[in-house]
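Engineer: If you read the sequences in order, they're chains H and P. Here our numbering is used: the first residue of the first sequence is 1, the next is one more, and so on. Here our numbering is used: the first residue of the second sequence is 1, the next is one more, and so on.
Because the hints were derived from the structure by calculation, they are not lab data. Among these hints, one or two may not hold up.
Derived, one-sided and incomplete: chain H residues facing chain P with beta-carbon distance under 8 Å [claimed, not checked]:
| # | residue |
| --- | --- |
| 1 | Gly16 |
| 2 | Thr20 |
| 3 | Trp27 |
| 4 | Asn31 |
| 5 | Tyr48 |
| 6 | Tyr50 |
| 7 | Ser94 |
| 8 | Gly97 |
| 9 | Gly104 |
Every value quoted in this text rests on a predicted model; they were computed, and no experiment measured them. We put the beta carbon where it would ideally sit given N, CA and C, even for glycine.
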Amino acid sequence: DAEITQSPRHKITETGRQVTLACHQTWNHNNMFWYRQDLGHGLRLIHYSYGVQDTNKGEVSDGYSVSRSNTEDLPLTLESAASSQTSVYFCASSAAGNNEQFFGPGTRLTVL
Amino acid sequence: AQSVTQLDSQVPVFEEAPVELRCNYSSSVSVYLFWYVQYPNQGLQLLLKYLSGSTLVESINGFEAEFNKSQTSFHLRKPSVHISDTAEYFCAVSDDRDDKIIFGKGTRLHILP
């Protein structure tokens with residue numbers, strides 16, 4: 001069955017370190033999205049991609065970057081982790097022209 | 001710009017009682033509307049969606065939502081809740097200009113025994 005996976009599921013890091021969160025989907029979807037979920041804020045869009053080599057900034061992109069070198073993967077990098085980036089991160093994907101998104105299980109990131 | 005408002009951050013309800021989770025949206029174009037559910041320690045799953053056609057949409061586990069264009073609402077209802085419905089529910093809006101979805105802040109449904 002097609003699926004979307006995230007790794008690691010839990011990560012503790014220190015302020016200033018670079019961190020990369022992986023997202024891999026086997027749906028063959030063109031669209032991929034990264035969100036962060038925080039209490040009182042719901043889901044906020046960080047970055048998104050509509051295809052290979054395409055990346056776009058979302059609502060809360062500062063301090064984050066993504067790259068899309070193939071259809072299956074959209075890794076999210078925190079260049080220099082900050083305590084304000086402690087959150088739960090969700091990756092999602094959807095087919096082009098279809099607004100229904102499929103979500104991964106999430107990564108809980110703690111920045112100390 | 002699109003936006004979604006979920007007026008209630010938490011809704012407590014007794015088991016087997018009816019529930020309504022409210023959602024209002026703003027958009028200047030035709031919309032697609034979604035309800036997603038997030039069970040504890042899990043990702044989001046699509047519960048139901050409105051794309052076009054009948055304004056009343058249903059899920060497989062007894063939830064329903066009605067698209068009301070004049071009131072710009074898409075409230076979620078269930079006539080009798082079960083303990084297994086304990087979760088956070090997110091309303092979301094999109095349109096045909098691009099494939100992004102805008103999410104509300106979520107409503108946490110607490111089922112009381």
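Engineer: Checked against the structure, which of the hints given earlier come out wrong?
Structural biologist: 1, 2 and 3
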